[in-house]
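From just these sequences and the hints, can you work out the full model?
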Amino acid sequence: MGRAPAPTPEREPGVEEILRARAPQGPVSKKLPGPVAWFDVRSRSTGHLAFSMNRITGLGLVFYLYLHLAVLSTLLGGEDAWNGFLELATTPLFLGLDVLLVFGLLAHGLNGTRLSLIGSGFVPNHQKALFWSFMAFGAILLVYTAVHVFGGEG
Amino acid sequence: MMADGTRTVRVHRFKRGDDEPRVEEHRVPVEGITTVLEALRWIQLREDPTLGLRHSCFHASCGTCGVRVNGREGLACVTKLADVPGTVTVDPIANLPVLHDLVVDMTPFVERFPPPHPIVRESEFLPESATPEGLDGNDRFEDCIECGLCLSACPVAATDDTYLGPAALAYAQRMLEESRGADRDALLDWADQDAGAWRCHAAFECTEACPSGVRPAQRIMMLRKELRRPRPGRAPEEPAADTSEHF
Chain L
2 MGRAPAPTPE REPGVEEILR ARAPQGPVSK KLPGPVAWFD VRSRSTGHLA
52 FSMNRITGLG LVFYLYLHLA VLSTLLGGED AWNGFLELAT TPLFLGLDVL
102 LVFGLLAHGL NGTRLSLIGS GFVPNHQKAL FWSFMAFGAI LLVYTAVHVF
152 GGEG
Chain Y
968 MMADGTRTVR VHRFKRGDDE PRVEEHRVPV EGITTVLEAL RWIQLREDPT
1018 LGLRHSCFHA SCGTCGVRVN GREGLACVTK LADVPGTVTV DPIANLPVLH
1068 DLVVDMTPFV ERFPPPHPIV RESEFLPESA TPEGLDGNDR FEDCIECGLC
1118 LSACPVAATD DTYLGPAALA YAQRMLEESR GADRDALLDW ADQDAGAWRC
1168 HAAFECTEAC PSGVRPAQRI MMLRKELRRP RPGRAPEEPA ADTSEHF
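Residue numbers (the numbering used here), protein chains in the order written: chain L, 2 to 155; chain Y, 968 to 1214.
Keep in mind that the hints are not guaranteed to be accurate.
[As the list claims (entries may be wrong)] Straight-line C-alpha distance at most 27 Å; calculated BS3-like pairs for lysine-lysine:
id	chain 1	residue 1	chain 2	residue 2
1	Y	K982	L	K31
2	L	K129	L	K32
3	L	K32	Y	K982
4	Y	K1047	L	K31
5	L	K32	Y	K1047
6	Y	K1192	L	K129
[Unchecked claim] Facing chain Y, from chain L, some residues (calculated, C-beta under 7 Å):
id	residue
7	K32
8	G35
9	P36
10	H49
Source of the hints: derived by calculation from the structure; they are not laboratory data. Idealized CB from N, CA, C, for every residue including glycine.
Rendered as structure tokens:
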């Protein structure tokens, strides 16, 4: 459903309205075409950074969901196929991707929590402070996770 | 601060009948406090009288000279060139049809407001007037100068022409806050539509862009809070008997 239509005027249209209806409108100026504009954070503020990050991490997590299902399907190939995958999954590159996944989960989850708090009208005036607080908390968790994933004692 | 001298100003040009907009470059003499509007007026008066721009008050009060300067929304009359690094690129505000160069058609912006749309700045009370009952202070939506910068900055409006937009939703919230006889249920129903308060994705760009301190994003969040409150005399919505069509 789109925007509700404006009420139809009961009177006859005036000269100005007729002229406006006849006049061709110019192009609508867009910063960038379509959803690409969502990811353009140049000259933008913290809120837009969070907005862009939520979309990128959201898309990444959807991609990961399907990738995860595809990986699990290697179980259909038997024990050897699964063990072969596990060998690959413990290489530094894959461990790095694991950390990237955790980054996506933390960023999306924590920013989602922030949005819930703001969007419900409880703390609408502290969105920047909430963003940086949650991101600082997420960064600590990410470092802890990275150390743990790469074989630390954390 | 940039030293006095000249600056390169790139201006968006478009006239009806043109296939595509183009960009024109000018060297403009500047002093320490030269504003974007003064630079545009210099171009208009000295180099190209056909440059189309809209302005009136020269002091951030009329809201007519809204543009994008190096991608960032602002009022040309109070945006100093000294605060803009590098080449200065001036574009019309986004998400509204361009009529002529830097002039956009504000009709789709005004049409977004809930009907009826009374004069927004009707109640500019004197500073010594009492705060209306129920309000913490005079944080007034009447500060809105209807410049359209919030709609230009909004990333949701960039991809959804049906979105009611920050100014109109903030206006509705303001009317609910101090309704003065307005139909609260009608306003809430209007804001509760798909393209209304719930379409905002809380990027807060409108608040950043607003030159008048209206804080539209915060007002949309408060509007959502209002929408979740049970309304007297109105039963909570019952779940649909058959939801199969949604799957």
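Sort out which numbered hints this structure fails and list those numbers smallest first.
No numbers; nothing is violated.
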